[in-house]
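There are 4 protein chains.
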Amino acid sequence: MAARFRYRRRVEFAETDQAGIAHFSVFFRYMEEAEHALWRAAGMSIAPRGQAGWARVAAAFDFKSPLRFEDECDIFVEVTEAGRRKVLYAFTFTLGERLVGTGTMTTVPVNKGADGALSSYDVPTDLLDRLRAQMA
Amino acid sequence: MAARFRYRRRVEFAETDQAGIAHFSVFFRYMEEAEHALWRAAGMSIAPRGQAGWARVAAAFDFKSPLRFEDECDIFVEVTEAGRRKVLYAFTFTLGERLVGTGTMTTVPVNKGADGALSSYDVPTDLLDRLRAQMA
Amino acid sequence: MAARFRYRRRVEFAETDQAGIAHFSVFFRYMEEAEHALWRAAGMSIAPRGQAGWARVAAAFDFKSPLRFEDECDIFVEVTEAGRRKVLYAFTFTLGERLVGTGTMTTVPVNKGADGALSSYDVPTDLLDRLRAQMA
Amino acid sequence: MAARFRYRRRVEFAETDQAGIAHFSVFFRYMEEAEHALWRAAGMSIAPRGQAGWARVAAAFDFKSPLRFEDECDIFVEVTEAGRRKVLYAFTFTLGERLVGTGTMTTVPVNKGADGALSSYDVPTDLLDRLRAQMA
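Protein chains in written order, with the numbering used here: chain R, 1 to 136; chain L, 1 to 136; chain X, 1 to 136; chain P, 1 to 136.
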């Protein structure tokens, strides 16, 4: 079984909608928050002091059951691929024993130029080593 | 070629992030806004007076190029499947001639019970007819 | 000196804007989150199972210094008035020794009718007692 | 009577909460959107190409009646003070004949340094002239 990092998140009132559940767009924010928490756990910031960090090139989520105000959801993160120009993540959301949903994100490292343009680059391998070590 | 509905959306300042671009979670809100605009164009509200409307069971987006503050993005919506218990949408985002990204959403009609629980149901066929007529 | 409840909040990436700081609207969400954390600390939910909870009738914030991605801000909450139809809060945000800003919120209890209309009501006094006890 | 600029905004589904109304933090975003629309109407962008624009040093709102999904709110903007280092705005929100609320914002122009630090500066007077001309 792959190693997984756990991030716990409480649903805030502003994140609910008139259906009485957490709005679907919020789950994409939660995936990103879990990713960033993993990086912190590995001793790094994913976007230090105003840097652009990692751009998302793909994101998807399958919703299985809703979250409600003050639910405390467990978000399990796996790094499914870690390359110098691309890192893939898989996410499983649960509320106690109940499956809330699963998602994926594909991310690429980007630098912001003087004109604001973003360009990708090869991240140092030791950064990937630290991320992998955190997952082991 | 399939009929497409167009929704134009300007990127607001609050939707940008420290990378200087529209945050990736915003694109999921834009897809939903475009869907709701299509329903209005068809003479309906997708969630009248506090109703739950249509829950998302899947959503995905592939990001091709970024959007920035005050960019006016064209969002083209296609209804790729319209059943009484499920409607699928495909979205293409462009900025002038540039492709911004493509996405999909799978939605199911839900009612909110007295206890707040959501359950799906068969929507009236004339509702689907109106949606299809708008796309023709 | 008045008793204060402390809520700690980390700034998430999605909450930053292209100025590289937490967007000003986020501070209003933080105030509400701190309020709700206080209620939980007092053994209550401010809006159980889909209820409307407490509506805001006024909110204000004075911004003294910015917050950035991954800053961990301390939010101190005071209940400055607690009546059966109105509760007032004052908030002080700090980052370490630095003052980030101060804010206020005026809230009224509301019920949601069958038609979705909101109306205010007198909350039970023991609810206010519990809130006061938590602050003591 | 002071000149006023009008911005119309439809409430989106993601902006509602479990009380069935637009979340209170959304009104602060709407004020900012109306401010930025005023700048565009005056032929300017308030934050061109990744710039920091104008920081908020104070914001307040008094809520008189709720907004719901798909309500189209009129937001009237007044520039109540326009200096080279500070511009103040007053906002009135209405839904048809009904008053939704009133708010204020105090803004200061800021530049972002190479290290990301923000500092205020004197804006050119012709910029203020254009803003005033738009209001006349």
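Honestly, I wouldn't trust all of these hints.
Copies of the same chain are indistinguishable here, so a pair counts whether it falls within one copy or spans any two.
[Stated by the list, open to error] DMTMM-like, lysine to aspartate or glutamate: derived pairs with alpha carbons at most 20 Å apart:
1. 112 with 97
2. 86 with 62
3. 112 with 122
4. 64 with 78
5. 112 with 70
6. 112 with 71
7. 86 with 129
8. 64 with 126
These aren't lab readings, by the way, just hints derived from the structure by calculation. Since this is a predicted model, take the numbers as computed values, not measurements.
Going down the list of hints, with the structure as the test:
Taking the shortest Cα distances, residue 112 and residue 97 never come within 20 Å of each other, neither inside one copy (42 Å) nor across copies (23 Å). In this assembly of identical chains, the alpha carbons of residue 86 and residue 62 lie at most 20 Å apart only when taken from different copies (14 Å versus 22 Å within one copy). In this assembly of identical chains, residue 112 and residue 122 lie within 20 Å of each other by CA distance solely inside one copy; the values are 14 Å within and 27 Å between copies. For the identical chains of this complex, residue 64 and residue 78 are intra-copy neighbours only, at 19 Å inside a copy versus 24 Å across copies, given an alpha-carbon limit of 20 Å.
Only between protomers do residue 112 and residue 70 lie at most 20 Å apart by alpha-carbon distance; the minimum there is 19 Å, versus 37 Å within a single protomer. Taking the shortest Cα distances, residue 112 and residue 71 sit within 20 Å of each other only across copies (18 Å), while inside one copy they are farther apart (37 Å). Only within a single protomer do residue 86 and residue 129 lie at most 20 Å apart by alpha-carbon distance; the minimum there is 14 Å, versus 44 Å between protomers. For a Cα distance limit of 20 Å, the shortest separation of residue 64 from residue 126 qualifies neither inside one copy, at 37 Å, nor across copies, at 28 Å.
The structure is inconsistent with the numbered hints 1, 8, although it conforms to all the rest.
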